Amino acid sequence: MNAIGSEELGALIRAMAQRVAAERDALNRLDAALGDGDHGTSISRAFAAAVEDIEALQEPSLSAIWLTTAKALMNRMGGASGAIFGAFFIKGVASLRDVDRVSNHLMAGALAAGLGSVKARGRAAVGDKTMVDALAPAVAAFEAADDFSAAWAAAATAARKGAESTRDLVARQGRAKFLGERAIGQQDPGATTVALMFEAANDWWKENQA
Amino acid sequence: MNAIGSEELGALIRAMAQRVAAERDALNRLDAALGDGDHGTSISRAFAAAVEDIEALQEPSLSAIWLTTAKALMNRMGGASGAIFGAFFIKGVASLRDVDRVSNHLMAGALAAGLGSVKARGRAAVGDKTMVDALAPAVAAFEAADDFSAAWAAAATAARKGAESTRDLVARQGRAKFLGERAIGQQDPGATTVALMFEAANDWWKENQA
Amino acid sequence: MTARVHKLINQPENLVDEMLAGFCAAYSDIARLVDKRLVMRAQPKAPGKVGLVIGCGSGHEPAMTGWIGEGLFDVNIAGEIFAAPGPELMVKGIRAADRGGGVLICVSHHAGDLLNAELALELCQAEGIDNVDMVVLYDDISSAPKGREPERRGTAGLFFVWKMLGAFCEGDGDLAAAKALAEKARDNTRSLAMSLSSCASPVTGEVMFEMAPDEMEIGMGLHGEVGMGRQKALGADETIDLMLPPLLEDLPFQAGDEVLVLLNNSGSLTLMELFVLYRRAAAKLAEADIKVYKSWIGAYATTQEMAGFALSLCRVDEQMKALWDAPANGAYMKQL
Amino acid sequence: MTARVHKLINQPENLVDEMLAGFCAAYSDIARLVDKRLVMRAQPKAPGKVGLVIGCGSGHEPAMTGWIGEGLFDVNIAGEIFAAPGPELMVKGIRAADRGGGVLICVSHHAGDLLNAELALELCQAEGIDNVDMVVLYDDISSAPKGREPERRGTAGLFFVWKMLGAFCEGDGDLAAAKALAEKARDNTRSLAMSLSSCASPVTGEVMFEMAPDEMEIGMGLHGEVGMGRQKALGADETIDLMLPPLLEDLPFQAGDEVLVLLNNSGSLTLMELFVLYRRAAAKLAEADIKVYKSWIGAYATTQEMAGFALSLCRVDEQMKALWDAPANGAYMKQL
Ligand SMILES: Nc1ncnc2c1ncn2[C@@H]1O[C@H](COP(=O)(O)OP(=O)(O)O)[C@@H](O)[C@H]1O
Ligand SMILES: Nc1ncnc2c1ncn2[C@@H]1O[C@H](COP(=O)(O)OP(=O)(O)O)[C@@H](O)[C@H]1O
Ligand SMILES: [Mg+2]
Ligand SMILES: [Mg+2]
Ligand SMILES: [Mg+2]
Ligand SMILES: [Mg+2]
Numbered sequence: 001m002n003a004i005g006s007e008e009l010g011a012l013i014r015a016m017a018q019r020v021a022a023e024r025d026a027l028n029r030l031d032a033a034l035g036d037g038d039h040g041t042s043i044s045r046a047f048a049a050a051v052e053d054i055e056a057l058q059e060p061s062l063s064a065i066w067l068t069t070a071k072a073l074m075n076r077m078g079g080a081s082g083a084i085f086g087a088f089f090i091k092g093v094a095s096l097r098d099v100d101r102v103s104n105h106l107m108a109g110a111l112a113a114g115l116g117s118v119k120a121r122g123r124a125a126v127g128d129k130t131m132v133d134a135l136a137p138a139v140a141a142f143e144a145a146d147d148f149s150a151a152w153a154a155a156a157t158a159a160r161k162g163a164e165s166t167r168d169l170v171a172r173q174g175r176a177k178f179l180g181e182r183a184i185g186q187q188d189p190g191a192t193t194v195a196l197m198f199e200a201a202n203d204w205w206k207e208n209q210a
Numbered sequence: 001m002n003a004i005g006s007e008e009l010g011a012l013i014r015a016m017a018q019r020v021a022a023e024r025d026a027l028n029r030l031d032a033a034l035g036d037g038d039h040g041t042s043i044s045r046a047f048a049a050a051v052e053d054i055e056a057l058q059e060p061s062l063s064a065i066w067l068t069t070a071k072a073l074m075n076r077m078g079g080a081s082g083a084i085f086g087a088f089f090i091k092g093v094a095s096l097r098d099v100d101r102v103s104n105h106l107m108a109g110a111l112a113a114g115l116g117s118v119k120a121r122g123r124a125a126v127g128d129k130t131m132v133d134a135l136a137p138a139v140a141a142f143e144a145a146d147d148f149s150a151a152w153a154a155a156a157t158a159a160r161k162g163a164e165s166t167r168d169l170v171a172r173q174g175r176a177k178f179l180g181e182r183a184i185g186q187q188d189p190g191a192t193t194v195a196l197m198f199e200a201a202n203d204w205w206k207e208n209q210a
Numbered sequence: 001m002t003a004r005v006h007k008l009i010n011q012p013e014n015l016v017d018e019m020l021a022g023f024c025a026a027y028s029d030i031a032r033l034v035d036k037r038l039v040m041r042a043q044p045k046a047p048g049k050v051g052l053v054i055g056c057g058s059g060h061e062p063a064m065t066g067w068i069g070e071g072l073f074d075v076n077i078a079g080e081i082f083a084a085p086g087p088e089l090m091v092k093g094i095r096a097a098d099r100g101g102g103v104l105i106c107v108s109h110h111a112g113d114l115l116n117a118e119l120a121l122e123l124c125q126a127e128g129i130d131n132v133d134m135v136v137l138y139d140d141i142s143s144a145p146k147g148r149e150p151e152r153r154g155t156a157g158l159f160f161v162w163k164m165l166g167a168f169c170e171g172d173g174d175l176a177a178a179k180a181l182a183e184k185a186r187d188n189t190r191s192l193a194m195s196l197s198s199c200a201s202p203v204t205g206e207v208m209f210e211m212a213p214d215e216m217e218i219g220m221g222l223h224g225e226v227g228m229g230r231q232k233a234l235g236a237d238e239t240i241d242l243m244l245p246p247l248l249e250d251l252p253f254q255a256g257d258e259v260l261v262l263l264n265n266s267g268s269l270t271l272m273e274l275f276v277l278y279r280r281a282a283a284k285l286a287e288a289d290i291k292v293y294k295s296w297i298g299a300y301a302t303t304q305e306m307a308g309f310a311l312s313l314c315r316v317d318e319q320m321k322a323l324w325d326a327p328a329n330g331a332y333m334k335q336l
Numbered sequence: 001m002t003a004r005v006h007k008l009i010n011q012p013e014n015l016v017d018e019m020l021a022g023f024c025a026a027y028s029d030i031a032r033l034v035d036k037r038l039v040m041r042a043q044p045k046a047p048g049k050v051g052l053v054i055g056c057g058s059g060h061e062p063a064m065t066g067w068i069g070e071g072l073f074d075v076n077i078a079g080e081i082f083a084a085p086g087p088e089l090m091v092k093g094i095r096a097a098d099r100g101g102g103v104l105i106c107v108s109h110h111a112g113d114l115l116n117a118e119l120a121l122e123l124c125q126a127e128g129i130d131n132v133d134m135v136v137l138y139d140d141i142s143s144a145p146k147g148r149e150p151e152r153r154g155t156a157g158l159f160f161v162w163k164m165l166g167a168f169c170e171g172d173g174d175l176a177a178a179k180a181l182a183e184k185a186r187d188n189t190r191s192l193a194m195s196l197s198s199c200a201s202p203v204t205g206e207v208m209f210e211m212a213p214d215e216m217e218i219g220m221g222l223h224g225e226v227g228m229g230r231q232k233a234l235g236a237d238e239t240i241d242l243m244l245p246p247l248l249e250d251l252p253f254q255a256g257d258e259v260l261v262l263l264n265n266s267g268s269l270t271l272m273e274l275f276v277l278y279r280r281a282a283a284k285l286a287e288a289d290i291k292v293y294k295s296w297i298g299a300y301a302t303t304q305e306m307a308g309f310a311l312s313l314c315r316v317d318e319q320m321k322a323l324w325d326a327p328a329n330g331a332y333m334k335q336l
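Chains as they are written, first to last, in our numbering: chain A, 1 to 210; chain B, 1 to 210; chain C, 1 to 336; chain D, 1 to 336.
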């Protein structure tokens, strides 16, 4: 299948929600080393709210699901990453409006728009030890792929590699900035969440659509 | 020697001060188990002040030394036992007024007067797990002896035995009262101080006068 | 749980002097320091009014230095850490508080505080200072059973007595009336405390007693004196549900009563937790049809950095409510 | 040192809601709760005046709920523990504070607080709510070097800004003037914090970071963010002697300046210790010929039960002194 509808999109969001919930404590621990230790709790609370709100939708269109996810992350997560994840999803809503099914190319456009918004919002570039380090390569890999299967697989691999690359970096944004050299050796929690999201999507895709 | 002058009395007080200072931490630990853990600090602070004030006396008569000790304990120790030790010494001042040397019998009278004051002031009797449990038998032994050597020795032994007897008691006065049965097994710090005072006096006597 | 042992002090023997000097330097418009140990109102009250003094151990800050000021106490006679001051210093404090209307010595009931105040009263009589009286105050229901109230300890609930008495002594009532008011406030006040942790003594630099990380003690006194025993630490609502019923039964507080509520932080409990605790207490009081007139939540009488709190209730009538609402300006007790 | 891990709360997910409910129940004459997360003045200010709102993470009590009231803030938009609230809630708070004179959103500079306030401002514009502006405030000299002040974190020293701004917005100044005053107060304020201990997160129930019992960290942020590094714990005077010089150099504060001083307790430090610390700070300021106008010592912005403090200074002129002395009636910030 090389276009997905609202049902599949809802399932993908659910898969992401389950994955971050399962990794909640690990994400908290990453954030304890670099920030204030709440990232896992915040992201799983917000994704759980997104899933709930999507289920309550009267007309679960693609854009409605995308917007609902954006709003849940923006309003229920709190803190820096809530604003940034919210900005990521909200930017893609426009490109999904009035379509019933979305191709991997259209989806790539929504993700790229979101990435642009994240960078602008967070004033962060690749190498700053933030979620951008996972998101930018993931979106690039997704864009370069020919179909959904390849896109999710490539994005998941790239996101994980990007998240791991944050270990060697000094932070230039977020709470970890104040650690200076002491941040080296620790993996960024926001980037790790991005990797988990793409990995969850890829796993769901392999099981259900590939 | 069976009468002492102001020099010997000053030396006896100094010996007591040294002994309680040496046992400060042990007394604090006893008080930590039964009260608020400050008895050793308080009693050594007050005795050190007494020694200092005695040295500063223009006319160090027997009664002046006794009064100075009383005031230092009463005013510099603080808390329950400051008031009680102060009451103990202050009562004896009257019987020492206008004498140059004091016999063991006169001294016994001063101690007995002090004991009476302690009991009245503290509303405590033998068996209440307070310093009275050491002081009462010590004073009785002192009174029964024929000379200073025998008096100090008997009082020291009786005071130590009295202090040790507090281990088996439930407290009816002081902070330890609230412990109820949980006070059993712990030795009363105030009674222990009384034992140390008489032991220090006896040791000094044996070394210097016996 | 291990308590923090390192304290930000200098030499322990200078601690009380240095702390009082710092307090009076920071709040020089409210309090001034005399003889190193007497914390007095910067502006003495009008001549002819009853002076209010308290002599008690230090280490419970802001009690009682924070209670010096207009509408509150005239002189705090500061003892060493957890030890009442000696009688001669108390007499100095009594003299300093004397504005011609007599002086009331307030004693938070602990053996040392009472013994020293009694000695001070005797010295006053000997020195011809008349018109001095003493009132002994207590509130802690864990320290002696009902029927033996005068054996109980004074703890955080005396907060209510201090405030009302301070307001009363700004008025024209005499010494006997002030004492009667203090007794009335005391007799309508009940407290029960709990703690999750021990604390370190700044004098010895050692932890005062041991407590396991998952334990709590109900009925703990202001100096870490034991209460009704240890048990497994509970959640906020469960803790209130355990502490409120014995408190209500003791007076007893009854349907239709109007009360003041205090949640006193013994040190390192967070206000966050105290607000959660208060929510349950308010709900339970409402269920019992007991009306809350006003509430205060904060660290008013501490036990160093002990992590615990006291719940105190005071049943009020119209006179007490008016005294409660009267203005006060202590460094740590302000009523507009 | 191990921090206390057991907290007197119920379910962590209900913590913020329950705590705000408890706070507003206790101080219903001062604050009321709207939509579970907006803490508002019980009596709104007069129409036409500038409204003051702040959106920030919870867990720092009494900040900022304790600052709601006359002469202070109009609305606190309460986020989760240590996490700024989302933008839609902020817009609700802005609407609630709008009395026709415009609304100033105050941001204590942290990434999350700033990002969410920016989003809220954009939403306001989209929804046609005009006359809303934002001011970003910071004071912590440990978080970025001199010359890069706007990168610094907001910490306890904003205390001074809140108080002056609150007083200013009771007057007739407009939104632009309020913002200018906030910037002036900010630009004259500097803070430096230290801690002896970690604390536990009420969300995860785990200690936030490890710290040895004989260590201290200078420059620690309000959420336990690291500062200038660890060192051996010192005594009170030594600690002040270490912290005051960089603070003075940063503005710089100079001979002849007049300042306000804050010693903010980050949680479980005792007032006893803070008074001892204050004594040294006051002596050193006097030595430098810097005059202290007024001082405050207490727990105004906490980091749970962390044992530490911040020393903050604000250089004042006549306008600022008058604003400082103006009356205020928040639950935890009272000026008579
Ligand atoms: N300016 C920024 N730009 C992009 N990502 C950011 C920025 N600031 C923080 N982040 C991301 O947010 C993550 C932290 O999220 P979280 O812990 O939920 O928020 P907070 O720091 O407010 O507690 C970081 O790991 C980082 O990936
Ligand atoms: N009412 C009393 N009568 C006699 N002795 C008492 C009384 N109350 C306390 N004590 C004695 O005082 C001792 C405690 O002294 P200390 O620790 O210095 O005072 P505090 O209890 O005020 O801290 C007890 O061990 C006991 O011997
Ligand atoms: Mg975080
Ligand atoms: Mg003791
Ligand atoms: Mg004591
Ligand atoms: Mg956070």
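Bear in mind the hints are in silico, worked out from the structure with no lab data behind them.
Please note that the accuracy of each hint is not assured.
[To be verified] To be clear about the criterion: a stretch of chain C counts as covered by chain B if any three or more of its residues have a C-beta under 8 Å from a C-beta of chain B, and this derived list gives those stretches: (1) 86-92; (2) 106-115; (3) 156-169; (4) 220-227; (5) 302-314.
[What the hints assert, rightly or not] The calculated lysine to aspartate or glutamate pairs, modelled on EDC-like cross-linking and capped at a C-alpha distance of 16 Å, are: (6) C/K294 <-> D/D174; (7) C/K284 <-> C/D325; (8) D/K232 <-> D/D250; (9) C/K334 <-> D/E70.
Quantities reported herein were computed from a predicted structural model and do not represent experimental measurements.
We treat Cβ as the ideally placed atom computed from N, Cα and C, and that holds for glycine.
Evaluation of the provided hints:
Using a Cβ-Cβ cut-off of 8 Å, 4 residues of the region 86-92 of chain C lie near chain B, which meets the minimum of three, so the contact claim holds. Against chain B, the region 106-115 of chain C contributes 4 residues with a C-beta closer than 8 Å to a partner C-beta. That satisfies the three-residue criterion, and the hint holds. Three residues within the 8 Å Cβ limit are the bar, and the region 156-169 of chain C against chain B gives 0, so the coverage statement is violated. With 6 residues bearing a CB less than 8 Å from a CB of chain B, the region 220-227 of chain C meets the requirement of three and the coverage assertion stands.
Proximity of the region 302-314 of chain C to chain B, defined as three or more residues with a beta carbon under 8 Å from a beta carbon of that chain, is not established by the 0 residues found. Distance restraint check for C/K294 and D/D174: the Cα-Cα separation of roughly 36 Å exceeds the 16 Å cut-off, and the hinted pair is therefore not satisfied. Of the pairs offered as hints, the one joining C/K284 and C/D325 is violated, with about 24 Å between alpha carbons and a cut-off of 16 Å exceeded. In summary, the hint linking D/K232 to D/D250 is not supported, as the alpha carbons are separated by about 24 Å, beyond the 16 Å threshold.
Between the alpha carbons of C/K334 and D/E70 the distance comes to roughly 15 Å, so the proposed pair stays at or under 16 Å and holds.
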